[in-house]
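Let's have the full structure, built from the sequences with the hints guiding it.
Residue numbers (my numbering), protein chains in the order written: chain A, 28 to 498; chain R, 287 to 363.
Accuracy of the hints is not assured; some may be wrong.
In silico lysine to aspartate or glutamate, DMTMM-like type, Cα no more than 20 Å apart, as pairs [claimed, not checked]:
| hint | chain 1 | residue 1 | chain 2 | residue 2 |
| --- | --- | --- | --- | --- |
| 1 | R | Lys346 | A | Glu97 |
| 2 | R | Lys340 | A | Glu161 |
| 3 | R | Lys346 | A | Glu98 |
| 4 | A | Lys102 | R | Glu343 |
| 5 | R | Lys293 | R | Glu315 |
| 6 | A | Lys286 | R | Asp320 |
| 7 | R | Lys293 | R | Glu304 |
| 8 | R | Lys346 | R | Glu315 |
| 9 | A | Lys376 | R | Glu299 |
| 10 | R | Lys340 | R | Asp352 |
| 11 | R | Lys340 | A | Asp157 |
Think of the hints as simulated: they come from the structure by calculation, not from any bench. Remember, it's a predicted structure, so these values are computed and weren't measured experimentally.
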Amino acid sequence: MTFTSLSYFLFLPLVYLIFVFTQHRFRWLVLLAASYGFYATFNAPQLLIALAFVSCFSYICALQLAKAVEESRRKRTLQLGATVCLLALLSMKLLPRLPQSFATAIPHVNLMTSIAVSYFTFQAISYLADVYLETRAPERHLGYHALALAFFPKLLQGPIERAGDILPQLRRHYEFNYGAMRSGMLLFTLGLYKKVVLADRLAVYADVVYDNQRDSIGLPLVIGTYAYALQIYFDFSGYTDMARGTARMFGIELTENFKSPYLANSIADFWQRWHISFSRWILDYIFRPLQLAWRGLGQAGTALALIVTFLLCGIWHGTTWGFITWGLLHGLYLATSIYYRPHQTNLYKWLRIDRSKWLKAWQILITFNLVSFAWIFFRSQSMTSAWYAITNVWRLSESRLDVFHGTGKRGAELVLISLFLFSWAELDPTLPRILHTMFDGRLRWLYYYVCIMLILLCGVFGTGEFIYGRF
Amino acid sequence: MISDRLKRTILSELDLDEFDIRDEMLAGEVPGWDSLSHARIISAVETEYGTRFKTLELLKLRNVGDLQALVDHRTTK
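Okay, here's the thing in structure tokens:
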């Protein structure tokens, strides 16, 4: 079951009703049971075991950390906890790589998925690190701790929540709030629109190019690359909107995971806007410790820490050369910026263009293209394909758009109109304010109706798989 | 209270003429102090005070006030 499954639209109201009619002191149990039940629909009992194991182990480790006084013992406990969590992640990631005969040996059991494991593992490690650094006391109630990791709206793809943010909310007495319920449903609907109307329709264009790259030369490669850049954004941010919308219905505010990433004016700015909970995680638990440990190397220490961090980020996505190159590219983008950024800033000040809107537009354009260039490696099926795309994308005069025949013209118009409206909303706060005023009135029902009809008529309903559910 | 010496060291490293740095301020609230410049600023503080902080001590810092407290602890040892 995913957020786009029909069964989810039965599951969610049922869970909500049981939750509301349960006494406060047992509500955690309702949500925990619902979360495990939600996870169980993937027919992968090994993942449920991994979730339960990581929950219990991190719970015990955190209590031991808090009890230990000697620094060496605390450090060893943290290292043990983090290592065991990572081993659980690694084992679940390796299972799908076993021979097919083993994978299908147990009927009705899916050994080919590792969905959600990364997210709850990272959250558990974050929790242990926070207890070690004494920024957070350990949670003494196993049920709340388990729920913080398993909470179904954020289970499959995050956001990766900090214990300090989610635990107080889970413990808080829930009171029905009409405004929160309405905005949660609105956010969920917007996320669903982003996923099934925009992302899955953009995927049609991206897949036409990237599944058969050698059939494309010039402009189709440009269109396919930009389509993928937009597809992955709407896919992941759509999921996050649905997760946040669902959580809001239960009185929980999850971390905003995306803040107009394609309006970033630098790669550093991009990573403060893209997959925010993950980039904060790698910043706090990988980059910062490395950077501080290597500060004796000066700027080179920070540059090296960036390259290592993003190399690991690439490897987390997958152990293919494409993902590794994608990670390395971002590491190099950031590492080189340490050296040229101060000179660039001084040059803009000297030219008196540092506050120019044209400069900002130029920076946004460059950043978007640098990010899209890196996506080529992320999406291509091999390094050979990626190299083909890079070397043939410039042959614009030889472009042939007949590769896109059969992809659906009506869908393209809807996507372009939607992109225009989303871009307008990002750049000009007037539109969201107008829409917000509408949403307070009867017109919001028209908006719901239009959204739902567009979703039903123009949505692409396939497997319902989300891109970041694979990682 | 952030000492003038620490404030001068931070502002000099960030090439700022004047900025009011308070105890409860987070690093990101000081213009130019971000994750990429963080280690450079820490190194500058270490050079100024002739000390070297442990990585764990630095990871526990929550705001500029904590950095001042760490410096005070080291300089009065």
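To see whether the hints hold, each was checked on the structure:
1. R:Lys346 / A:Glu97: 17 Å, holds
2. R:Lys340 / A:Glu161: Holds: Lys340 (chain R) and Glu161 (chain A) sit about 16 Å apart, inside 20 Å.
3. R:Lys346 / A:Glu98: 14 Å, holds
4. A:Lys102 / R:Glu343: It holds: about 13 Å lies between the C-alpha atoms, which stays within 20 Å.
5. R:Lys293 / R:Glu315: 14 Å, holds
6. A:Lys286 / R:Asp320: 18 Å, holds
7. R:Lys293 / R:Glu304: 9 Å, holds
8. R:Lys346 / R:Glu315: 18 Å, holds
9. A:Lys376 / R:Glu299: This hinted pair holds, its Cα atoms lying about 18 Å apart.
10. R:Lys340 / R:Asp352: 14 Å, holds
11. R:Lys340 / A:Asp157: 18 Å, holds
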